[in-house]
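Student: Residue numbers (the numbering used here), protein chains in the order written: chain U, 1 to 316; chain V, 1 to 249.
Treat the hints with caution; some may be incorrect.
Below, a sample of chain U positions facing chain V; criterion: calculated Cβ distance under 7 Å [to be verified]: (1) V78; (2) L106; (3) T135; (4) L179; (5) Q184; (6) E252; (7) D291.
No wet-lab data here; the hints were simulated from the structure.
As the structure is a computational prediction, the values presented were derived from the model and not from experiment.
Backbone N, C-alpha and C define an ideal beta-carbon position, used for all residues, glycine too.
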Amino acid sequence: MTALVLAQHDNAQLNPATLHAVTAAGQLGSDVHLLVAGHGCEAVAAAAARVQGVARVLHAEAPFLANPVAEDLAALIVGLAAAYEHLLAAATTTGKNVMPRVAALLDVAQVSDIVEVLGPDTFKRYIYAGNALATVRSLDAKRVLTVRTTTFPPAAAAGGQAPIVSAAVGAPVGLARFLGREVQRSERPELTSARIVVSGGRGMGSGENFKLIEALADVLGAAVGASRAAVDAGFVPNDYQVGQTGKVVAPELYIAVGISGAIQHLAGMKDSKVIVAINKDEEAPIFQVADFGLVGDLFKIVPELTESLRRAKAAA
Amino acid sequence: MRILVPVKRVVDYNVKIRVKADGSGVDTANVKMSMNPFDEIACEQAIRLKEAGHAEEIVAVSIGEAKCQETLRTALAMGADRGIHVEAPADVQPLAVAKMLRAIVGREQPGLVVMGKQAIDDDSNQTGQMLAALLGWAQATFISKLELADGRAVVAREVDEGLERIEVTLPAVLTVDLRLNEPRYASLPNIMKAKKKPIDVLTPGDLGVDPAPRLLYLKVEEPPRRQAGVKLGSVDELVTKLKQDAGVI
Ligand SMILES: Cc1cc2nc3c(=O)[nH]c(=O)nc-3n(C[C@H](O)[C@H](O)[C@H](O)COP(=O)(O)OP(=O)(O)OC[C@H]3O[C@@H](n4cnc5c(N)ncnc54)[C@H](O)[C@@H]3O)c2cc1C
Ligand SMILES: Nc1ncnc2c1ncn2[C@@H]1O[C@H](COP(=O)(O)O)[C@@H](O)[C@H]1O
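Construct the entire structure; sequences and hints are all you get.
Tutor: Given below as structure tokens:
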């Protein structure tokens, strides 16, 4: 059996989410091939070849694949699919956009966002915003899967020596065109792979007040996240959102500040190792999942915590 | 142009669901059901497009048990013009839903399908992409901004890195994200009017689609529960706990 994993990248660097998908693919008992489709992405193909557990890298190169739209990426994957029993991608917005299109073109029912591999056709996945865990068996001969990155450790990014072969690229489908991307550049770690995440909610009151969250994050070397309410209120950009419909994170430490703990938020962070909640309402549901809680005004507690950590750091 | 809006009836997002003790699924008896929140946003967007003169008619579609007609009435009360109910088992899966929608697109010839990005019960996030594939149409998923002009849609998509802008040729399938708009509440007169709007009832057989599942849900269980921890008295106590007990900082 062989599995094809869609490598995600920006033509310069391999997105680490890919490494988690490679691990899931390895657990299927298959050989793992990585598909690197892009333009001027030789460095990514080379990085893909070094990933441990990868037996072959397929390199598809064309100008129209520089920022591929789902129509083109799906057509490419479907063209390669005959040789594979499993087709996978990390459940990022790219994976979620492309893989169902692949599945439908192959007449396969996709299993979304798997959190465990029980066998080549049987998987676990969450339903109802993480409030139920389902064991699902696919009856199709081929399986199309997206992988929740937080529950599979990353494959080692070095040590492999897979051959790179070029993959034939057809003509663009021509139905959609990439226009541009507004990327939030930040010096902080990336939200989904950070070791520590500090998130703010509606309780922050304003975008300006998120400075308190950022100061705390910086002293911890943490990423910054947010509840949907904070994003909707315009305090922070959409890509900060943690939850059922945002990003799923599972850091070693998650600090929720001024977040009530709605199930839709918990769906995105309750697999964190240690959870801290800071909230003035002692009945807030976030305390039901928090290991450590501080009840009180965040505008007093957060600066105090930042200062205390700064002092501890200086003393160490 | 006609716009098709698929709407799913789901357990209301405020309900704390219960997993059945025998592992066969989630208890949906006597719980509040609503239109999938993303589908309300899709419906709202279709109505705004009609109000802006981009569309003449909005057709809402729901696939599932008889009670889906209540969900269709909600869409009609918001402003959809008519409904199509495909009477089918409650748990038709995304691929079969997409095939039924394809057949309905064949009958209705819409210029746009606007739908939710994700159903909050199965959390699949598949159906729109599958429908676009089956139709050979363009897809614009997770959109938070939409402009129509000259047979094209220019959209902003919510992606992990931030926002992406793409242009798609119509007809197309759009799947909506939460920030596209804020759905209206139906007014009482509109709720009354909706009762008179037509709903056609079809079967999967009428559409030539086998609704049988291709994914077997072997077991549904409670996820591991987190234990509530301790409330601490001071910031210093927290720092000590994080350092010494948890060892995470
Ligand atoms: C379909 C759907 C999908 C959704 N997806 C997501 C998702 O992915 N992620 C997500 O987060 N939400 C999601 N939501 C929204 C979710 O239901 C909640 O509305 C949201 O999480 C609430 O955000 P919040 O906790 O910041 O705000 P609130 O619930 O308003 O809580 C604010 C908290 O701040 C506390 N507070 C206020 N002031 C202070 C102060 N000075 N000091 C200390 N504490 C203070 C309050 O006590 C309160 O607990 C979704 C909803 C729907 C319908
Ligand atoms: N049974 C259904 N009836 C009508 N629309 C549906 C149904 N199932 C899914 N959809 C549509 O497909 C979207 C995505 O659902 P899913 O792929 O299941 O997450 C929903 O937001 C609806 O717009």
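Student: Is the interface hint for Q184(U) satisfied, with its Cβ closer than 7 Å to some Cβ of chain V?
Tutor: At about 5 Å, which falls below the 7 Å cut-off, the nearest Cβ of chain V leaves the hint on Q184(U) intact, so it holds.
Student: Would the hint on D291(U) stand, with a C-beta cut-off of 7 Å toward chain V?
Tutor: holds (4 Å)
Student: Hey, does the E252(U) contact hint survive, CB to chain V under 7 Å?
Tutor: holds (5 Å)
Student: Please check whether V78(U) passes as an interface residue: C-beta within 7 Å of a C-beta belonging to chain V.
Tutor: With Cβ-Cβ at 9 Å, over 7 Å, it is violated.
Student: Take the shortest C-beta to C-beta distance between L179(U) and chain V; is it under 7 Å?
Tutor: holds (4 Å)
Student: Take the shortest C-beta to C-beta distance between L106(U) and chain V; is it under 7 Å?
Tutor: Since chain V brings no Cβ nearer than about 9 Å to L106(U), farther than 7 Å, the hint is violated.
Student: Less than 7 Å between beta-carbons is the criterion; does T135(U) satisfy it with respect to chain V?
Tutor: holds (4 Å)
Violated hints, in rising order: 1, 2; the structure is consistent with all others.
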